[in-house]
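Residues per chain, in single letters:
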Amino acid sequence: MDLKEKLVSSFLAFENSVDIDAYAHDVRTDAIKIFEEKGFPSKKEEAWKYTSLNSILKEDYSVFPKQENALEYPQVKKYFIHDIDTYKIIFIDGKYSSHLSQTTHDGIDVCLMSAALSKPKYQLIIENYFNKAAEKDSLTSLNTAFSSEGAYIHIPKNKIVEKPIQIIHFSTGNESATMLQPRNLVVVDENSHVQIIERHQSLTGNPVLTNSVTEIFANKRAIVDYYKIQNDNENASLIDNTFINQKRESLASVHTFAFGGKLTRNNLNFYQNGERIDSTLKGITIIGDKQHVDHNTLVHHIEPNCESHQDYKGIFDDKSTGVFNGKVVVEKEAQKTNAFQANNNILISDKASINTKPQLEIFADDVKCSHGCTIGQLDESAMFYMRSRGIPEKEAKALLMFAFSNNVLESVKIPELKQRITKIIANKLGVNIGFDL
Amino acid sequence: MSKYTEDDLREELKTKEYEYGFYTDIESDTFPNGLNEDIVRAISKKKEEPNWMTEWRLEAFRVWKNMEEPEWANVHYEKPDFQGISYYSAPNSKPKYDSLDEVDPELLATFEKLGISLDEQKKLAGVAMDVVVDSVSVATTFKKTLAEQGIIFMSISEAIKEHPELVKKYIGTVVPQKDNFYAALNSAVFSDGSFCYIPKGVRCPMELSTYFRINQAGTGQFERTLVIADEGSYVSYLEGCTAPSRDENQLHAAVVELIALDDAEIKYSTVQNWFPGNAEGKGGVYNFVTKRGLCETNAKISWTQVETGSAVTWKYPSCILKGDNSVGEFYSIAVTNNYQQADTGTKMVHLGKNTKSTIISKGISAGKSQNSYRGLVQINSRAENARNFSQCDSLLMGNECGAHTFPYIEAKNKTAKIEHEATTSKIGEDQIFYCNQRGIDTEKAIALIVNGFSKEVLNKLPMEFAVEAQKLLEISLEGSVG
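Chains S and D, in that order, give the protein sequences. The numbers in the first sequence follow our numbering, run straight up by one, and end at 437. The numbers in the second sequence follow our numbering, run straight up by one, and end at 919.
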């Protein structure tokens, strides 16, 4: 039985485990139909031209977590940004771990999707927002069909959330292969401000496939900063679908740090439903071995006077492959749009490859849109300069790569997070130098 | 290559007796509508082609039968009915008009603006001409000069008869019969086209152009061009004409193959100004062209195109940089107005070491038109030190048109250096204001700005062509400023 059949047939069993009177029930039933019809995307689809899911779909995944697994904090401390105080929503194999988490209902809601989907007091929010930004493509629909758990964050009007929120999904690998489908919903109301850090981490070498969907709603003048850390082991694959719906004068940014995993696909979609909106999409990709990272972005400019900034840097070693597929659509009404897109790549090894496709679709005339894309190498003269001053080759290379990715790093607003990412990069490059970036 | 399956056999047996019953009047000027193997055979027979050519066409036809029309391009149009077209009509020897007075005055006005001489006007509009006009004698003189250098320049039908060894060796090597839907169709039914061979080490002394073959038959809707530049030779080839052609044929599916052997250089310039349909988007030519060049070691191919006509354009002049140190260039201006749609760009496939490519594409959209750039830069794993620079700029006029870019960049070699940049903008109000202030009216100002925008490409065109193309740009955008 292939994975698609398995998922479709286990939907019935899944339905028995959740409340079928709830609003979400209809949404789920519709979604499974879409998935059943479309199936997993193949390379024949334009959006999946350079990424094949075949190698990860052949595993025999268990689609529901069978047992609750516990983890002790010291075991996993290193995956937390532990040097600052944060709210934490922690999942182990898809199940909520209360003793690692720190949630709140004090003025803001930082809690669980399962609670939000079942308790009446959240009903209005769920009906207004749940599955409203998500596209109806096959993988998102699959997640919608099985949506039951994940992070639920609701920030009411005029609140500045004083500490960042961490969402971490651990998989213990207690089963031979696990498929996880977390579903997150973030609603930020007028004038509020929130920072969120998300991470997926598997703790053993057993295959894990995560098909995650996050919907973010940034209402009037809201500020949302979202950071994704993807530094998983060689058998963990991640399909991360993020949908951001912005209202007027809101600011939203998503930083994606893709440092590993077998296959990572980031579908990042911004919809600008209002004037004077600013969207930022940035990413650093540093991978090696046979890893594959695919960034698929969309910025949809619907109304006038908005801006978007995209900046993706990639460094590819060994046999790794990278894909960047960035699309900017400017509708007829979206005059005075400023849309910028940059994608810079460095290939370190002969076996590495990069496919990039920056797309512009423009229907308005009074706009400034540009995209730039480069593929190149480390500057030899800069290398020579450093080597001649006694900096060893490895460190010199690392310095250049840091400089290369600095544009993205410098817009990270949480200093501790920036330090952590700097450390991860240093680790990746096998150097031990304190970069003060 | 199409496989000859049992189904095909059955099909053939079914139609076998029909084959003998079938009769095409070779003398007749136009074949019945529709396409089948007999029609392909008849076209070939009509052109007195050798057996291998007939077989080659049939092979293409068999592949084409099983192909589907491509859907991926960013254009929308009503699919032509391929069985509703007549695939051969002999060039009409009878003049359409007896004197210039009968010709559409609008057409004449355009000629006037382009500064085309009276004789040319007559020729282009299909007016009967005296045989001793200048252009014909000029053409003959040119032919003599070319022949002295050993350059072969003739229609492809003649070449098939006179130089079968060259045609046989090279045709279909760059654009194989099964390459794509329209290339296969063209391979099966191509009516005529140009053939050009430059011998080793010869530098062609003049710009070769279909223009010099003006006294020969028209080429029809399925044109096939084959240009071969032997080792160390150089040729500059011009195709098309700045004058608007009111063509009856709705569908044009041409194939152009360029072969640049070691150290050779080919410069191929096109100006296309076919009927784009009226202001409401009715009518107009569908232009589905496959153009591709192959570069051997140290060779260079340069494509320059100015596209202002056709209702739907679907065209990607490409370079396969097979030899080491070979160079590919693509310079393009695509102008769309009213309801025109253009999906055009290039493919640069880097196979050899130290290969270089440059892409400069300028898109100008006005009215309700859609203009897309679609390009591929591919660096293969053995292409050490490959270098590419691409620049795609779009200019939008009015808020009902669209400009799109779909660049595909694939690099499999770490020594590759690729740069791609694209911008989209409109004509600045301050620029217009500056011109207005100095007494230049808005329409002129726009022409000025558009010319500046397209300068990089216009500069690449041969001299006289560049002047005409510049005027053509102005005419194409006339009335697009409100």
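No wet-lab data here; the hints were simulated from the structure. Just so we're clear, the structure is a prediction, and the values are computed from it rather than from any experiment. There could be a bad hint or two in this list.
Here are the simulated lysine-lysine pairs, BS3-like style, with alpha carbons at most 25 angstroms apart [claimed, not checked]: (1) D:K790 x S:K319; (2) D:K854 x S:K290; (3) D:K598 x S:K351; (4) D:K863 x S:K336; (5) D:K790 x D:K805; (6) D:K854 x S:K332.
**OP:** Decide if the proposed pair is consistent with the structure: K854 of chain D and K332 of chain S, CA atoms, cutoff 25 angstroms inclusive.
**Re:** violated (36 angstroms)
Subject >> Restraint check for K863 of chain D with K336 of chain S, where alpha carbons must lie at most 25 angstroms apart >> reply: holds (11 angstroms)
**OP:** Below or equal to 25 angstroms on CA atoms is what counts here, so check K854 of chain D against K290 of chain S.
**Re:** Satisfied, since the Cα-Cα distance of roughly 23 angstroms is no more than 25 angstroms.
Original post:
Is the straight-line distance between the alpha-carbon of K598 of chain D and that of K351 of chain S 25 angstroms or less?
Top reply: violated (49 angstroms)
Subject >> Agreement of K790 of chain D and K319 of chain S with the hint, judged by alpha carbon distance not exceeding 25 angstroms >> reply: holds (21 angstroms)
Subject >> K790 of chain D paired with K805 of chain D [C-alpha distance capped at 25 angstroms] >> reply: Distance ~44 angstroms between K790 of chain D and K805 of chain D Cα, so the pair is violated.
The structure fails hints 3, 5, 6 (numbered hints given earlier, in ascending order).
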